[in-house]
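Read in order, the letters of the sequence shown correspond to residues 3 to 93 in the working numbering.
It should be emphasised that the hints constitute simulated quantities derived from the structure, not laboratory data. Don't be surprised by glycine CBs; every beta carbon is placed ideally from N, CA and C. If a hint is listed, it holds; no wrong ones were tucked in.
FRET-style restraints, in silico, Cβ to Cβ:
no. : residue 1 : residue 2 : range
1   : M62       : I35       : 36 to 46 Å
2   : F64       : L24       : 53 to 63 Å
3   : T34       : S74       : 52 to 62 Å
4   : T65       : M27       : 52 to 62 Å
5   : M23       : E63       : 52 to 62 Å
6   : V17       : R53       : 45 to 55 Å
7   : T34       : A13       : 30 to 40 Å
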Amino acid sequence: ADKAITTINDAIEKVSAERSMLGAMQNRLEHTIKNLDTSAENLQASESRIRDVDMAQEMMEFTKQNILQQASTAMLAQANAAPQSVLQLLQ
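All chains should be built: construct the whole structure from the sequences, respecting the hints.
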(Lines of atoms letter the chains of each structure in order from A and count residues from 1; the text may use other names and numbers.)
(Lines give C-alpha, C1' and ligand atoms only; values in the text may rest on other atoms or scores of the structure.)
Protein backbone atom coordinates (compact mmCIF):
# COMPACT_ATOMS: atom_id res chain seq x y z
CA ALA A 1 0.00 0.00 0.00
CA ASP A 2 2.84 2.39 0.85
CA LYS A 3 4.52 1.60 -2.44
CA ALA A 4 1.29 2.34 -4.35
CA ILE A 5 0.86 5.66 -2.53
CA THR A 6 4.48 6.59 -3.30
CA THR A 7 3.98 5.69 -6.98
CA ILE A 8 0.78 7.72 -7.13
CA ASN A 9 2.44 10.72 -5.42
CA ASP A 10 5.35 10.52 -7.88
CA ALA A 11 2.91 10.42 -10.78
CA ILE A 12 0.99 13.40 -9.36
CA GLU A 13 4.24 15.36 -9.00
CA LYS A 14 5.20 14.57 -12.61
CA VAL A 15 1.75 15.61 -13.85
CA SER A 16 1.95 18.83 -11.80
CA ALA A 17 5.41 19.61 -13.19
CA GLU A 18 4.20 19.04 -16.76
CA ARG A 19 1.12 21.20 -16.13
CA SER A 20 3.36 23.98 -14.82
CA MET A 21 5.58 23.78 -17.90
CA LEU A 22 2.54 23.77 -20.20
CA GLY A 23 1.00 26.71 -18.32
CA ALA A 24 4.22 28.71 -18.65
CA MET A 25 4.39 27.87 -22.36
CA GLN A 26 0.76 28.91 -22.80
CA ASN A 27 1.47 32.25 -21.09
CA ARG A 28 4.46 32.86 -23.38
CA LEU A 29 2.37 32.04 -26.44
CA GLU A 30 -0.43 34.35 -25.30
CA HIS A 31 2.04 37.20 -24.81
CA THR A 32 3.53 36.49 -28.24
CA ILE A 33 0.06 36.59 -29.81
CA LYS A 34 -0.70 39.92 -28.10
CA ASN A 35 2.64 41.34 -29.30
CA LEU A 36 1.96 40.15 -32.85
CA ASP A 37 -1.53 41.68 -32.75
CA THR A 38 -0.03 44.99 -31.60
CA SER A 39 2.64 44.83 -34.31
CA ALA A 40 0.03 44.09 -36.97
CA GLU A 41 -2.09 47.02 -35.79
CA ASN A 42 0.93 49.35 -35.79
CA LEU A 43 1.89 48.18 -39.27
CA GLN A 44 -1.63 48.83 -40.52
CA ALA A 45 -1.61 52.31 -38.99
CA SER A 46 1.78 53.04 -40.58
CA GLU A 47 0.59 51.88 -43.97
CA SER A 48 -2.49 54.06 -43.65
CA ARG A 49 -0.36 57.11 -42.78
CA ILE A 50 1.92 56.43 -45.76
CA ARG A 51 -1.03 56.10 -48.13
CA ASP A 52 -2.62 59.28 -46.74
CA VAL A 53 0.64 61.18 -47.21
CA ASP A 54 0.92 59.90 -50.79
CA MET A 55 -2.65 60.99 -51.51
CA ALA A 56 -1.96 64.50 -50.19
CA GLN A 57 1.28 64.68 -52.18
CA GLU A 58 -0.46 63.57 -55.37
CA MET A 59 -3.28 66.08 -54.87
CA MET A 60 -0.72 68.84 -54.38
CA GLU A 61 1.12 67.80 -57.57
CA PHE A 62 -2.17 67.69 -59.50
CA THR A 63 -3.08 71.19 -58.32
CA LYS A 64 0.37 72.49 -59.25
CA GLN A 65 0.16 71.01 -62.75
CA ASN A 66 -3.35 72.41 -63.16
CA ILE A 67 -2.16 75.92 -62.24
CA LEU A 68 0.80 75.62 -64.64
CA GLN A 69 -1.51 74.53 -67.45
CA GLN A 70 -3.88 77.45 -66.82
CA ALA A 71 -0.93 79.88 -66.77
CA SER A 72 0.38 78.43 -70.05
CA THR A 73 -3.04 78.80 -71.65
CA ALA A 74 -3.25 82.42 -70.49
CA MET A 75 0.24 83.13 -71.84
CA LEU A 76 -0.67 81.64 -75.23
CA ALA A 77 -3.83 83.73 -75.33
CA GLN A 78 -1.76 86.86 -74.63
CA ALA A 79 0.81 85.86 -77.26
CA ASN A 80 -1.96 85.37 -79.83
CA ALA A 81 -3.62 88.65 -78.88
CA ALA A 82 -0.53 90.76 -79.68
CA PRO A 83 -0.36 89.85 -83.41
CA GLN A 84 -4.13 90.32 -83.67
CA SER A 85 -3.76 93.85 -82.26
CA VAL A 86 -1.04 94.63 -84.79
CA LEU A 87 -3.22 93.34 -87.63
CA GLN A 88 -6.13 95.49 -86.47
CA LEU A 89 -3.90 98.55 -86.37
CA LEU A 90 -2.67 97.87 -89.88
CA GLN A 91 -6.18 97.58 -91.29
